[in-house]
Amino acid sequence: MVLSFARRLAAVGPILLVVSLLLFVALRLLPVDPAAMSMPPTATKVEIEAARSAMGLDRPLVEQYAIWLGQTLHGDFGTSIHMRRPVGGLLLETLPATIELSVAAMIVAGLLGIGGGLALFALRNRRGEAVAELTTTLMMSIPEFLWALLFIFLFGVLLSALPFTGRLDPGMTRPVVSGFLLLDALLVGRPDIYASALRHLLLPAAALGIAFAPPVMRVLRTSLVDVYQEDYIRQARLRGVGEARILLAHALKNAILPTLTLMGVQFGFLFGGSLLVEVIYAYPGMGNLMVDAVRNADLPIIQAVALTYCVVVLAITSAVDALVLLLNPRLRA
Amino acid sequence: MSVLRAEGLIVPARIGPLTVPALRDLNLALAPGKVLGLVGESGAGKSMVGRAIAQMLPPGFTVSGRGLHFAGQDLLTMPATERRALLGRQIAFIPQEPLSALNPVRTIGSQFGEHLRRVGVADWRAAAVAALQSVHLPDPAGLLDRYPHQLSGGMCQRVLIAMAFASKPALVVADEPTTALDVTIQARIIRVMRELQQLHDTAVLFITHDLRLAAEVCDEIAVLYAGGVVEHGPAEVVLNEPLHPYTKCLLLSAPEIHGPRRGLYTLPEQMPGLRALADIPGCRFAPRCPLARESCRNAPALLVLKDAHRVACPYPGEVPGISAGPALAAPEGQAGAVLVEARDLGKTFRTGTPFRRRAVAAVQGVNFTLHEGEFLGVVGESGSGKSTLARLLMGLERPTSGEIRLAGRDVSRWDGAARRTRLQTAQMVFQDPQSALNPRRRVASIVTQALEAAGLPAATREAKAAEILADLGMPAELGSRFPNQLSGGQRQRVNIGRALCLVPKLLVADEIVSGLDVSVQAQLLALLARLRAEHRFALLLISHDLAVVRYLCERVMVMQRGVVVEQGRTEDVFANPQHPYTKELLAAVPKG
Amino acid sequence: MIPRWARDGRVLVGLVLLSAVLVVALLAPWLAGMAPDDQDLLATLLPASWQDGGDAAHWLGTDSLGRDVFARLLYGARVALTVAAIAAPGAMVAGTVAALLAGYLGGWFDWLVGRAVDVWMSFPPVILSLILMVGLGTGTRNVIFAIMLVDWTRFCRVLRAEVLVVARRDYVTAAGLVGFGHVRILLREVFPAIVPLLITLLTLEMGIAVVVEAILSFVGLGVKADEVAWGQMIADGRSTIYQAPFNLLAPVVAIFLTVAGFNLLGDGLRRSLDVRLLEGRG
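Protein chains in written order, with numbering that gives the first Met the number 0: chain S, 0 to 332; chain Y, 0 to 591; chain U, 0 to 281.
Okay, chain S solo, but in the shape it has when bound (with noise of 0.2 Å):
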């Protein structure tokens, strides 16, 4: 199992080489100067040049692919052309950020979706069953941006419950520990702080969660109508096995592999739709980060901020993947 798990992470390494090729392939398409745009307006053609050697950027393609790829794989990412600060200590200040919203969407996903999933599933062949399906359906309908604009809407303008801008409430500064700000905040003893992150975070989370926790119920629902058609489901219950723990003991565990992995695409997703959350709560996360920096096209922030959304995803897959493993004893060799 072990083995089988370790084949798999061993895959990772290659995409994460081609992703990074693809990024920056990607990137050299942009018709815009770095070199010109790090200098003042006032910069002549010779200086200009001179900057672009400095860069690099005279250098053949591949020979700047491999000098980035070195660089970025001792941990240097550049220096932002726009904020003229390293990349790295920008991405270290917004990548918790960023976490703590997605971890925070996660659960709120998977517990709407799971829940959910039962709650379709114990509605199956009933009255509700239409009801309850096309609500999912609507729900699919509305990515989480359009959730974001409509829980502000709802709960920050109309009904004045929750604040929707930034991590913390004006005045207050945040302690820096580990970037995580709930955690901060209890190590530091803050509990003003922790509430007023939590509120802060309520929003966003509850947004980008709910958005992405219709695929799980209908799948969890799918999965469960399956098992309980399989024989040993109906030789449970002839050897007189209650329904509560058919459902617990035999069919949940079951269905939930189905179900967890595709949680694990799901939360793929997840964690690349925070950069909207994140904008539109104009949370200090690297969503926000990247934006800017594809407004000023500041191509260190852009190439390191896309090349870590993919480490994310991938870890977030892999992760998924050994949980499955783990549960599925029919996958270990």
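Among the clues, some could well be false.
[Unchecked claim] The following label-pair restraints were derived from C-beta to C-beta distances:
| id | chain 1 | residue 1 | chain 2 | residue 2 | range |
| --- | --- | --- | --- | --- | --- |
| 1 | U | Gly136 | S | Leu15 | 22 to 30 Å |
| 2 | S | Ser159 | Y | Gln54 | 52 to 60 Å |
| 3 | U | Ala224 | S | Arg123 | 29 to 37 Å |
| 4 | U | Leu11 | Y | Arg65 | 47 to 55 Å |
I should point out that these hints are in silico values taken from the structure, not numbers from a laboratory.
We put the beta carbon where it would ideally sit given N, CA and C, even for glycine.
Assemble the complex: chain S is given as a structure, and chains Y and U must be docked to it using the hints.
Frame of chain S, contents of chains Y and U only:
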């Protein structure tokens, strides 16, 4: 007192606006320690009895009647919780598909433990080991930590039997417990069940489609047809002196492995489906019965004849007169030229991961010849390599050693010439028509697919389709149907028809009658015999059923683990087997 | 006889919604009554016509530059539907060809396609389309191109699995044995089996294309600045949510109704064509 007593049991099924009894007026009594066989073809309603006991019926089905008594209590009126308390404790079930009846993500131990704890065994581990020992499973303690997919079907069925008997129930319902298993495994499973049944003096309801197997296992047999018992009596009596025409026809339509060769009785049509039952007012067997007359339009009562032998036919005296006709005549004269020649044929599959490569020899060192017009049977159990042999012949697998010559040409290599040779000489009939017939093609288009490949115009194809359908004994209007609108037997005919479209010299048929009811099987065997006389093709018939091979083929080849262990004239091999495996196979076939 | 799919309630509701959006998009110049970029700097941020201070000429009010929200909404539908109608079939063709060949031929081509899908799957779709838009530059045509480049894998993943199932059926083998060549087997035996799934996926993908276009325009990387798109309207309306909520709500509702139309249609087709689909949206 009887363990189980059904009085006027009725299982009505609602189909649209109609309500049709899937079981009607069933009266049975099962004494402690006795084995009662419920025998019938698919759709006879035999499984409904088991389902009625557990009250787990398909949607639209209900149970009613005067009573279904278990140990004095009526299962029909009992509250659901009380009935569920009986399940697994007093009433246990042995399923049809052992591999899928155990939860794949839980260990054997966890499932056994769950059951034993529910039944109230304190030290479940010791009890589970003892139970697994009682079904002769090796290393019972180690088995508890294994998962179902790590066991064979036979082992899973032993686990399930051990589980069923673990609570020492008064009644065990075994629904086709060996149908999914190989014949030698079947013999062992039956032996284990018998042992436990006698040890605990358990009453067993044994549901099967195989009359001979039932006669071997059971004390009494009830034969069901279209939802009603047509004959009920002591096992040997029902088998040897059947008094209902259906029982007699059923016996005569199944080929036998022993005794003199004889023909097969071919019952026309098939058992009426639930929907059709509503339109048959009298004896439900009458439309197919050789003894039927006008008076059979009134439903016959279950008559009591001598001792406990009951039969639902007013003319039992005429039943012994039904006969099957003569055996298939062996083709005259010397066989034709050599059509297929395999020399030292071998196929090794490479499986596993790049880290742990495994080579599995599916077929090794096979030598045989097949002459024009000759029928050769290949028998063996699952994993014997007989299907791989067929695929090698058809060029669906590439041999890893040896050579195949087809009509004099070497077709071992995969090239255009080999493909053309095969196209001109050989065709294959696949086992499962569900998979072998494109559900999006109409029947006429399926049987003339070879002409479509050759680029013939639609009009020609249509004419040929009508011809082929007539050849298959199917009405021409079925040509415009889709496969899922046909019955199982009709689908298998279409399957055969497609292969015969260009009249090949060689037909390779992989298990084409397995999984079909005996009466449908008899029709197909008769069809093959007739087509042989008309078209003179050679047949390589792959089958696990020795009796079918004995009936149809002149020569037989016995395979075990990829090797041909014995081959020769069918009569010689079956009458005087040389190899121990052939002997074991023959001995395992139920004689009744 | 009316086919089963045409009698499904969801299919009908979906078709009605989509036809409405289509008609509105086609008739935008006549329905709007004014150009979407007509600025009236004297009448900015007007509320809807039925609210206090509303102007009957601007049914849904005006935005911060005094442009008519209703007119912009109608013209936005044109961009959304154009993107959906071209990008989704484009992604479908690319993904289907790859899936058919990979699933049927197997071997190294299947390996290659499989790895390509792996690489694509490691990019969150939002990030990948952003990067592509950075490289390609803004504009409707590039939005379409980016969606095709990102979403061919959605088709490929699902269809490849289906092709694998179909290709293992005995009738595919049997077709080869009676003399069908590979091309004919693919077209006559394998492809028809995946058509129901294909149609369902296409419908759902059109909804996804509408969303992606809105996202890209929202971030400012979608259509060009002089074109009108719903995403753009949302970005503009966000800052004036207290003064003129319809600037934000109107495009939000438009996106929802359009996507719901595609999803209802897809869902209805999935049920009535009996397609199994265990797939998420992202």
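Results of checking the hints against the structure:
Judged by the Cβ atoms, the range 22 to 30 Å given for glycine 136 of chain U and leucine 15 of chain S holds: they are separated by roughly 27 Å. Against the hinted window of 52 to 60 Å, the Cβ-Cβ separation of serine 159 of chain S and glutamine 54 of chain Y comes to about 58 Å, which satisfies the hint. Distance hint check: the CB atoms of alanine 224 of chain U and arginine 123 of chain S are about 50 Å apart, inconsistent with the given range 29 to 37 Å. In this structure the supplied range 47 to 55 Å holds for leucine 11 of chain U paired with arginine 65 of chain Y, their Cβ-Cβ distance being about 51 Å.
The structure fails hint 3 only (numbered hints given earlier).
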